[in-house]
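Asker: Now for the letters of each chain:
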Amino acid sequence: MDLATAIYDVLAGDETLVALISTYHGEPAVFTQDPAPGDATLPYIVTAGAVADTAFDTKTRQGRRVWRDVRCYAATNGLDTVETMAERARELLHRQKIAIDGFETVVVECSGPIALDEPDAYGRIVTARIIAMEDES
Amino acid sequence: MSMNGSDILLLMNTGTEVAPVYEVLGSQRGASFTESTANRDASSKDSRAQMVEPGRYSSTVSGEALYVPTEDGYQALLDAMRDGTKILIRASEDAIEIEQASCVVNTITRNAPDQETALCTFELTVDGDWVELTS
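Protein chains in written order, with the numbering used here: chain L, 173 to 309; chain D, 1164 to 1298.
Quick caveat, the hints were computed from the structure, so don't treat them as lab data. Cβ coordinates follow ideal geometry from the N, Cα and C atoms, glycine included. Heads up, a few of these hints could be off.
Unchecked claim - Facing chain D, according to a computed beta carbon distance under 10 Å, are these residues of chain L, among others: (1) F228; (2) T230; (3) T232; (4) G235; (5) V279; (6) E281; (7) R301; (8) I303.
Kindly generate the complete structure, drawing on both the sequences and the hints.
Answerer: Okay, structure coming up:
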């Protein structure tokens, strides 16, 4: 289940959000690995791995229920920026049918943003609960 | 050895009564096959104890599946309900179809909770007996 690509495409494909974050090698600074590259500059987004990933199967079809964090970071003088980034990320995901290759999205529901400040950066975290069923073959 | 409930499936006739085509009801989450016999009271003044004989035999089937409106099995159920016709069903165990019955569709319920998976539940009453299928 390539959820990383699905969420990257949603976030990096939104002009409003991209305008708020930096770029990394010419691409929007949305990272699907953790930690972000050492030479990345704030503000950026990290969404790597699942918080939890459980089966959502029926007798005849397999599905997944995944909780995924979208972590937004901005410099310590960028509180407004990080708040706006997180709200925009939530808006892009909450109750939206995101396209996941090989799956049919049933539910995307977000919680947060909640504060995840670090010593050298403001952080906000949005958690998406995603239920998706494998495409019927 | 006990079976895994996932290996017991309910199939619906998605063809016609003359040329049936049995398909597994898709996205199936649960199925219950119930058989019951009513008591026929054979008690008398001879004894304080109740005496019973087997009376009316009946069978019902109920189940739950994800609500997939385009699913053939669901459509067959819905058609039978709305057309007032019976539906042929089969039960399979470990991918072997073991018995079949003709049923009246008593209820179909579509549950549509907010931000949760929509479900379909249904209840059927068997007309007559189950017919065992010989391989």
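Asker: So, for every hint listed, does it hold in this structure?
Answerer: These are the hints, each one checked on the structure:
A hinted interface residue such as L/F228 counts as satisfied when its beta carbon comes closer than 10 Å to some beta carbon of chain D; here the least separation is about 8 Å, so the hint holds. Proximity of L/T230 to chain D holds as hinted, the smallest CB-CB distance being about 5 Å (cut-off 10 Å). Taken as an interface hint, L/T232 checks out: its beta carbon lies about 5 Å from the nearest beta carbon of chain D, inside 10 Å. Of the supplied interface hints, the one on L/G235 holds, with its beta-carbon coming within about 8 Å of a beta-carbon of chain D, less than 10 Å.
The interface hint given for L/V279 is met, as the beta carbon of that residue sits about 6 Å from the closest beta carbon of chain D, less than 10 Å. For L/E281, the interface hint holds, since its Cβ comes within 10 Å of a Cβ in chain D; the closest pair sits about 5 Å apart. The interface hint given for L/R301 holds, since its Cβ lies 9 Å from the closest Cβ of chain D, which is under the 10 Å cut-off. Interface restraint check for L/I303: the shortest CB-CB distance to chain D comes to about 6 Å, inside 10 Å, so the restraint holds.
In the structure shown, no violation is registered for any of the earlier numbered hints.
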